[in-house]
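Enquirer: Sequence:
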Amino acid sequence: MSTNPKDLLKMNNPWHLLATGFGSGLAKYIPGTMGTLAAIPLYLILAQLPFGWYLVAVLIAALIGIRICHITSTDMKVHDHGSIVWDEFVGFWITMAVAPTVSWQWILAGFILFRFFDMLKPWPISWLDKHVEGGFGIMIDDVLAGFMAMISLWFVGYWLGF
Numbered sequence: 010m011s012t013n014p015k016d017l018l019k020m021n022n023p024w025h026l027l028a029t030g031f032g033s034g035l036a037k038y039i040p041g042t043m044g045t046l047a048a049i050p051l052y053l054i055l056a057q058l059p060f061g062w063y064l065v066a067v068l069i070a071a072l073i074g075i076r077i078c079h080i081t082s083t084d085m086k087v088h089d090h091g092s093i094v095w096d097e098f099v100g101f102w103i104t105m106a107v108a109p110t111v112s113w114q115w116i117l118a119g120f121i122l123f124r125f126f127d128m129l130k131p132w133p134i135s136w137l138d139k140h141v142e143g144g145f146g147i148m149i150d151d152v153l154a155g156f157m158a159m160i161s162l163w164f165v166g167y168w169l170g171f
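Residues in the sequence shown are numbered from 10 upward in steps of one, following this note's numbering.
A portion of the hints provided could be inaccurate.
Unchecked claim - Quick list of in silico lysine to aspartate or glutamate cross-link-like pairs, DMTMM-like style, CA-CA up to 20 Å:
1) K37 to D16
2) K130 to E142
3) K139 to D89
4) K15 to D89
5) K37 to D89
6) K130 to D84
7) K19 to D84
8) K86 to D138
9) K86 to E142
10) K15 to D84
11) K37 to E142
12) K19 to D89
As the list claims (entries may be wrong) - Pairwise CB distance ranges (calculated):
13) W62 to I160: 20 to 26 Å
14) S112 to A66: 17 to 23 Å
15) G143 to W168: 34 to 40 Å
16) F125 to P50: 17 to 23 Å
Treat the hints as calculated values from the structure; they're not laboratory data. Here the structure is a predicted model, which means the values were calculated and not measured. Virtual Cβ for every residue (Gly too), placed ideally from N, Cα, C.
Turn these sequences into a full structure, and let the hints steer you where they fit.
Expert: What follows is the structure, given as structure tokens:
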């Protein structure tokens, strides 16, 4: 009997499929980064929405993400396993909310800034990561990292003028 939590995932289970970012979180190395990369094509679709609808879609993704992450982490018997990357999807989409246009410069800057805040976990992200459990706990640190990266992206975009 395997003790690998990934063996408890079933890709035909829609909760698991979404939680793993359509399988991107199953990457052997840097699953969070792979999940963020996998969020880009969906961002390109979401970015076609009017701004208000973009925000609604991201809010719904965040709220449903609490359930997606909770069910999957419970099934895996591990809190916030690295293969759960739906939170990275939502965090990246939050970051990109201030991008005035879809361009490779904005996407690259947003990607780098979100990964920076998600990996470094400055306070209060680190506190939330350690003290908040369940699906909400899995989501909240990446949501906050997304907001910190969004603010930074706005400053970087303004400063660099792209």
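Enquirer: All hints are to be evaluated individually against the structure, with a verdict given for each.
Expert: Each hint, compared with the structure:
1. Our distance criterion of 20 Å between C-alpha atoms is met by K37 and D16, whose separation comes to about 14 Å.
2. Under the criterion of a C-alpha separation no larger than 20 Å, the hint pairing K130 with E142 is consistent with the structure, at around 16 Å.
3. In summary, the hint linking K139 to D89 is supported, as the alpha carbons are separated by about 11 Å, within the 20 Å threshold.
4. A distance of roughly 12 Å separates the Cα atoms of K15 and D89; the hinted pair therefore holds under the 20 Å criterion.
5. Restraint check for K37 and D89: satisfied, since their Cα atoms lie roughly 16 Å apart, inside the 20 Å limit.
6. Between K130 and D84 the alpha-carbon distance is near 26 Å, which puts this suggested pair outside the 20 Å criterion.
7. Pair hint K19 plus D84 holds up; C-alpha atoms about 10 Å apart against a cutoff of 20 Å.
8. Taking the CA atoms of K86 and D138, the gap is near 17 Å; set against the 20 Å cutoff, the hint holds.
9. Of the supplied pair hints, the one linking K86 and E142 holds, its CA atoms being roughly 13 Å apart against a limit of 20 Å.
10. The suggested pairing of K15 with D84 holds, with an alpha-carbon distance near 10 Å, which does not exceed 20 Å.
11. A hinted pair counts as satisfied when its Cα atoms are at most 20 Å apart, and K37 with E142 does not qualify at roughly 25 Å.
12. Taking the CA atoms of K19 and D89, the gap is about 17 Å. The hint holds against a cut of 20 Å.
13. As the Cβ distance of W62 to I160 is approximately 22 Å, the hint placing it in 20 to 26 Å holds.
14. About 20 Å separates the C-beta atoms of S112 and A66, a value consistent with the hinted range of 17 to 23 Å.
15. The supplied range of 34 to 40 Å is met by G143 and W168, whose beta-carbon atoms lie about 38 Å from each other.
16. Between F125 and P50 the beta carbon distance is about 22 Å. The supplied range of 17 to 23 Å therefore holds.
The structure is inconsistent with the numbered hints 6 and 11, although it conforms to all the rest.
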